[in-house]
Amino acid sequence: MPVRVQREDFDIGAEVAALTRGRTDIGGIATFQGLVRDTAGDERISAMTLEHYPGMTEKMLGEIEAEARARWPLDATLIIHRYGRLEPGDRIVLVVTASAHRKAAIESCEFLIDWLKTKAPFWKLEEIGAGTQWVAARDSDDEAAARWQEPARAANKAAE
Amino acid sequence: MKILYFAWLRQRVGAGEETIDLPEDVRSVAGLIDWLKTRGPKYEEAFRDTSAIRVAVNQEFADLDAAIRAGDEVALFPPMTGG
Chain H
0 MPVRVQREDF DIGAEVAALT RGRTDIGGIA TFQGLVRDTA GDERISAMTL EHYPGMTEKM
60 LGEIEAEARA RWPLDATLII HRYGRLEPGD RIVLVVTASA HRKAAIESCE FLIDWLKTKA
120 PFWKLEEIGA GTQWVAARDS DDEAAARWQE PARAANKAAE
Chain Z
0 MKILYFAWLR QRVGAGEETI DLPEDVRSVA GLIDWLKTRG PKYEEAFRDT SAIRVAVNQE
60 FADLDAAIRA GDEVALFPPM TGG
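Residue numbers (numbering that gives the first Met the number 0), protein chains in the order written: chain H, 0 to 159; chain Z, 0 to 82.
So here's chain Z without its partners, still in its complex pose:
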């Protein structure tokens, strides 16, 4: 699975993109975030407040409870500030 991070999430995680082997028991974005938080203090810090995090799955906006599968592209980012 490809995971993308943007803005301050990218800075806190320390990478804009990474490829992971999705554990079999992780089936939702929320589950993915919980799993990411076990990977070290940088992830724990980045995902401390999930209310500040927005999600896209395969470039479509999605909720934290959205289902995910190996092969999906999941993007995690703060609220957008374009225009």
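Isolated chain H, as found in the complex:
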């Protein structure tokens, strides 16, 4: 299933249409789209540059996606993560999950975004005024990811 790491923008409508074209087994689609925000704490950011580890990024996103498929009955998934310089309002990440039932789609979408924040090798450099600063990893992101450490069986049961 597709995992894409790209500099280019994406179109959520076109991506969902392409993912579900000709499919009549899908009953629900969940999407998460992340945008670049113009503030970081009290500071105003004018842009950010995303750096990643080519090769490992695609591999880790593939592994995270495989984990979601092991936990939930998914019919289609898509992860797109951009890199390079982005400005406030720009799209940065897209997660799409499709399943016969809504709960599997919604839960797995949330799982994927939580896990990719802590397990995919990306780093953000923010432009603030005339300077730059690297974004620090947040404990709240680790906690969000840790929530999903429960056995796969429990998550599958919840999805039924």
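Simulated from the structure, these hints should not be mistaken for lab results. Errors might be hidden in some of the hints.
[Said to hold, decoys possible] Pairs of lysine-lysine residues, derived as DSS-like cross-links and limited to a Cα-Cα distance of at most 27 Å, are as follows: (1) K41/Z <-> K1/Z; (2) K118/H <-> K58/H; (3) K1/Z <-> K36/Z; (4) K1/Z <-> K58/H; (5) K118/H <-> K1/Z; (6) K102/H <-> K118/H.
None of these values were measured; they are calculated from a predicted model.
Keeping the supplied structure of chain H fixed, place chain Z upon it in accordance with the hints.
Positioned in the frame of chain H, the structure of chain Z alone reads:
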């Protein structure tokens, strides 16, 4: 051995990538970092706080005590901030 640096580690070291001849007595990531620190003030500064450093060996996450061999690809970086 190929070593990759990302984010502020790349900036402090002054290179994103380098190829080194691994000394025979260096057998772990921690040992590699100790050896890198002897290569000059930039390395010493970059690796001052190893608690802030994450590691991948051959594109798999690894611990500081992970074993390494000549020919491995070792990446050193701060905690990740994607999404």
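Each hint tested on the structure:
no., hint, result
1, K41/Z <-> K1/Z, "19 Å, holds"
2, K118/H <-> K58/H, "11 Å, holds"
3, K1/Z <-> K36/Z, "17 Å, holds"
4, K1/Z <-> K58/H, "19 Å, holds"
5, K118/H <-> K1/Z, "22 Å, holds"
6, K102/H <-> K118/H, "24 Å, holds"
This entry satisfies every hint, going by the numbered hints stated previously.
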